[in-house]
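K.L.:
With the hints as your guide, set chain B with the ligand onto chain A.
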Amino acid sequence: MNRFLNFGVALALSAGMTVAHAATSYDVVTTWYEPDTQPNNTIFTGSFDYDAATRTVTNLQGQLSESMTGMMGGGMTWLSLDHQLVSWYDAALGGTFAAAFRNASTNTFWTGAGGNGWSPASGVAAGGVYYGFPSAGNNPGNAYALIFIPDDPLAALTQAQINKLAYADCAAGGMMGAVCMTGTSVAGYGAEGTMSGYPLSQTITAAVPEPETWGLMLAGLTAIGAIARRRRAI
Amino acid sequence: MPAPTPLAPIRVEGARDESPVGVTTLPSSALDALRSSSSDTARLLEGIPGVSTYGAGGISSLPSIRGLADERLKITVDGMDLMSACPNHMNPALSLIDPSKVETVAVYAGITPVSEGGDSIGGAIQIRSARPKFAASDNETLTEAKVGTFFRSNGNARGHSVDLSIASTQLSVRYSESASESDNYRTAGDFKKEGFWKQLGQRPVAEREVASSGYAGSKNREVGLGLAWSSNSVLHLTYSEQKLDYQGFPNQRMDMIFSRPDPANPGNYVIAENTPSNVNRTINLRYLGQHAWGELEARLFRQTVAHHMDLNQDRFFGMFMPMKSDASTLGGLLKASIPLSPEHLLRIGTDFQQYRLDDWWPPIGLAPGAMCCDDFQNIRNGKRDRIGVFTELETGWNAAWLTLFGIRGGLVHSDADRVQGYSNFYAADAARFNQRDRSRNDTHLDLTALVRYTPDARQSYEAGIARKTRSPSLYERYPWSTFPMAALMNNFVGDGNAYLGNPHLKPEVAYTASASAHWHDEGKERWDFKLSGHATYVDDYIDAQRCPRALSAQCNALNSNADDRYVILQYVNQRAMLQGVDLSGSTLIAQHADIGKLYLNGMASYVDGRNLSTGDKLYHIMPLNAKIALEHRSQRWTNTLEVHSVSAKDEVSRVRNEVQTPGYTLLNLRSSFAWKNGRLDLALENALNKFYLLPLGGAYLGQGNSMTTAGIPWGMSVPGRARSLNVALNLSF
Ligand SMILES: [Cu+2]
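These protein sequences, in sequence, are chains A and B. Here our numbering is used: position 127 in the first sequence is 1042, and no number is missing along the way. Here our numbering is used: position 391 in the second sequence is 395, and no number is missing along the way.
Chain A on its own, in the form it takes in the complex (with noise of 0.2 Å):
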């Protein structure tokens, strides 16, 4: 329960902030098909402030479910993604490429093949394994997912476009062994993911309208406090 209302409290921020920033909310969904976990998939739900003149995403963030870690709705482990570390503009599909990651710090595949140490492609040409392999200790069990913008954000995606959505989870309950848990498609990286997971669909809908952002931000407030008098209490 915590966590979701801690998951408010981000969205009401982000929220807050778009007034400042001038650019407009959005909350996203983004599924990997997971063939070895059904019925569960990997799901991103987050949400970003997207700027239309300038195609700037900004305040990526959200939840990753880990799929082998219980059943939907029992269990099952989600992973914040606080860090929006990377974002370009990809003409030829038109449209913005974001990542919300885990951990302050992009490190997540292993470098010992060559790569960036985490993006998709680098992902699979070092066949999934985590960054610092081999030792376990090294590992800074980062996670990731990588969404994209089309122009028109409320545009339904290509499959081209979601040929390019990707995801890793390398923290320690999407791993096995050395393999992160990651998702990308035979179409967009030559692979499919490590548990042969896929990208499958994105939705992305308008954040909540601006009178309910200072109702929501309240919530916020509220559910602040009554963690603060639930601590307390214990």
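Just to be clear, a hint being listed does not mean it is correct.
[Unchecked claim] What follows is a list of derived Cβ distance ranges for each label pair:
#: 1; chain 1: B; residue 1: Asp567; chain 2: A; residue 2: Ser1116; range: 23 to 31 Å
#: 2; chain 1: B; residue 1: Ser443; chain 2: A; residue 2: Ala1019; range: 51 to 59 Å
#: 3; chain 1: B; residue 1: Glu655; chain 2: A; residue 2: Ser1116; range: 41 to 49 Å
#: 4; chain 1: A; residue 1: Ala1007; chain 2: B; residue 2: Lys694; range: 49 to 57 Å
#: 5; chain 1: B; residue 1: Leu562; chain 2: A; residue 2: Ala1019; range: 34 to 42 Å
#: 6; chain 1: B; residue 1: Gly193; chain 2: A; residue 2: Ala1019; range: 46 to 54 Å
#: 7; chain 1: B; residue 1: Gly199; chain 2: A; residue 2: Gly1009; range: 31 to 39 Å
#: 8; chain 1: A; residue 1: Gly1009; chain 2: B; residue 2: Gly193; range: 43 to 51 Å
#: 9; chain 1: A; residue 1: Asp966; chain 2: B; residue 2: Gly193; range: 57 to 65 Å
#: 10; chain 1: A; residue 1: Gly990; chain 2: B; residue 2: Ser443; range: 29 to 37 Å
#: 11; chain 1: A; residue 1: Ser1116; chain 2: B; residue 2: Lys510; range: 38 to 46 Å
#: 12; chain 1: B; residue 1: Arg264; chain 2: A; residue 2: Gly1009; range: 53 to 61 Å
#: 13; chain 1: B; residue 1: Leu562; chain 2: A; residue 2: Arg970; range: 33 to 41 Å
[Stated by the list, open to error] Computed footprint of chain A on chain B, listed as stretches where at least three residues anywhere in the stretch have a Cβ under 8 Å from a Cβ of chain A:
#: 14; segment: 368 to 376
#: 15; segment: 425 to 432
#: 16; segment: 481 to 492
[As the list claims (entries may be wrong)] Footprint (simulated), chain B over chain A, 3 or more residues, beta carbon under 8 Å:
#: 17; segment: 973 to 985
#: 18; segment: 1004 to 1017
#: 19; segment: 1044 to 1058
#: 20; segment: 1066 to 1072
#: 21; segment: 1092 to 1099
Everything labelled a hint here was simulated from the structure, so no lab data went into it. By construction, the Cβ of each residue, glycine as well, lies at the ideal position given by its N, Cα and C atoms.
P.N.:
Just chain B with the ligand now, kept in the frame of chain A:
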């Protein structure tokens, strides 16, 4: 009381062929050359027409007779019906005895008489070590010592054996030990698909090295005590132990290797070097007595196995998955052979086997996930209890005709307790398994009828029909998790797929008809030719199907339709037909007083196996294969030039995505020199260094991430060995 009468001559009087009906035996002398080339006892059988072996670890091949393998065969070692205790059958009966201990091999490649065992449909393999010897007279002490050593260049395989015995007329004591080890073997060509998957081991694996094919620290020890308190009764007690530090399996997703928790890193496992991964112990008590009324054989044995698996360093470094199993077997036999009249010999008896198995996988890591935080119970408190009674009448009507009729009834009870997975992620599968009644009782009715006709000293004919029953094994009935990683770990055929048990399986019932003709010269010295044909229809044959969509979301359309990847399968009863021919022969082609004799030997086998329910081919069926050898024998020398040809395997099991293999021909050269106290064997195997893929070698899974269906590219077969120079020296005193 009348004096004991020797029985053997009665039943075979006048007959030239003195072996039991349907059996092929290899005496110790015929095994010497084979021993020098392999430490894998199952491979000693490859010279028998119709017998081939499924590839596995360096000493753990699984024998197959006319297309029926592994637990479809009754395999005994010194009369003990030993059970494999591993979801990948890494420790089958024949892996538990070193080839140096094998004294005789008997194979029923056709129809097994009911007195030789039940709960099998494909034939029987009986391996015996030397029986206790006693001194001939009271003032004599019999002492024997044998030592042996070998080296094989490919894989740097080496080992030794020692066998000591001392005996009086009444007491015989024997001690033997053997040890062997091998590095990974090399093949003669490239066989690995491109990709980063093969660079993730702890050390680089060469392109032509077959990863996970080595083994180390295999030690066998045995103490035997023989007691002969009269000239007609012998009691034999043996204790044997096999320990094996490590054995890799190139066609399995795991290895026999011991891992334990890392004290420095809670939740992690580390490989424990030089710690036995498999410990097998047996106690075998046998009684054989000649009495006035006939012969009595009694046996009681107990086997315990402690087995550990994990991933060796050729595979994914830094990735562990401990898997453990404990098993015990208690078995016994009581068999009387009673001559009812000079023509009729009655055999009557009972045998039983009580098998217990626990198979569990400790959790690793500290975060809830794929392999945390509870023990994964693959089979918990598995039980498989069997009892059989049989009666058999052997009649030598006259010098020419012999018949054998047998009937056997049996009961097999199997059961397993409730299970759990690593975490609640497995809860749905576990609940489905736990809710169902898992106790099963099978009744067996076996019937055999065999006839042998020996019109004269130059020919004999045998024919037989049989109905045989086999109950599913615990690993066919009870593995329950549809999560691919868990299901992948249950696979004893080495095809790389994931297997699910099926508690609803019924016993297999096989109907076999076989006939053989044997022509030879009177002394079986100049020429010999044997031809056999066989057909077996199996009702409720246990084959596999793609796991049903309704079972779990992991049994999805991709799994149902894929033809180029590893898939999740479930055992299912279907109907099957196997038919084929075996032939073998030899002829003396030249003879010279000074130079010796020159023989031409040959054998060929063909079997076709098809699933009548689906129209698919059966998996792991050896394609048409033949061996032709030119053999030179003089008093001390034996020199052999052997050509071994195997045709392409293009008939494959589609449901298992079995991979085709091309045909090949190998040249092997062998030479041995024997003298009074010793024997030296030299061999050049695969002399032309030909590259080939093993038709029954399974899928190459020896390196890379073996835990997911996508971690190692599909479509690679395990290749055969490149050229190897083998040397073996055996001395006896
Ligand atoms: Cu595993």
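K.L.:
All hints are to be evaluated individually against the structure, with a verdict given for each.
P.N.:
Cross-check of the supplied hints:
| no. | hint | verdict |
| --- | --- | --- |
| 1 | B:Asp567 / A:Ser1116: 23 to 31 Å | holds (27 Å) |
| 2 | B:Ser443 / A:Ala1019: 51 to 59 Å | holds (57 Å) |
| 3 | B:Glu655 / A:Ser1116: 41 to 49 Å | holds (42 Å) |
| 4 | A:Ala1007 / B:Lys694: 49 to 57 Å | holds (51 Å) |
| 5 | B:Leu562 / A:Ala1019: 34 to 42 Å | holds (37 Å) |
| 6 | B:Gly193 / A:Ala1019: 46 to 54 Å | holds (50 Å) |
| 7 | B:Gly199 / A:Gly1009: 31 to 39 Å | holds (32 Å) |
| 8 | A:Gly1009 / B:Gly193: 43 to 51 Å | holds (48 Å) |
| 9 | A:Asp966 / B:Gly193: 57 to 65 Å | holds (59 Å) |
| 10 | A:Gly990 / B:Ser443: 29 to 37 Å | holds (32 Å) |
| 11 | A:Ser1116 / B:Lys510: 38 to 46 Å | holds (44 Å) |
| 12 | B:Arg264 / A:Gly1009: 53 to 61 Å | holds (55 Å) |
| 13 | B:Leu562 / A:Arg970: 33 to 41 Å | holds (36 Å) |
| 14 | 368 to 376 | holds (count 9) |
| 15 | 425 to 432 | holds (count 5) |
| 16 | 481 to 492 | holds (count 3) |
| 17 | 973 to 985 | holds (count 4) |
| 18 | 1004 to 1017 | violated (count 0) |
| 19 | 1044 to 1058 | holds (count 6) |
| 20 | 1066 to 1072 | violated (count 0) |
| 21 | 1092 to 1099 | holds (count 3) |
Of the numbered hints listed earlier, those contradicted by the structure are 18 and 20.
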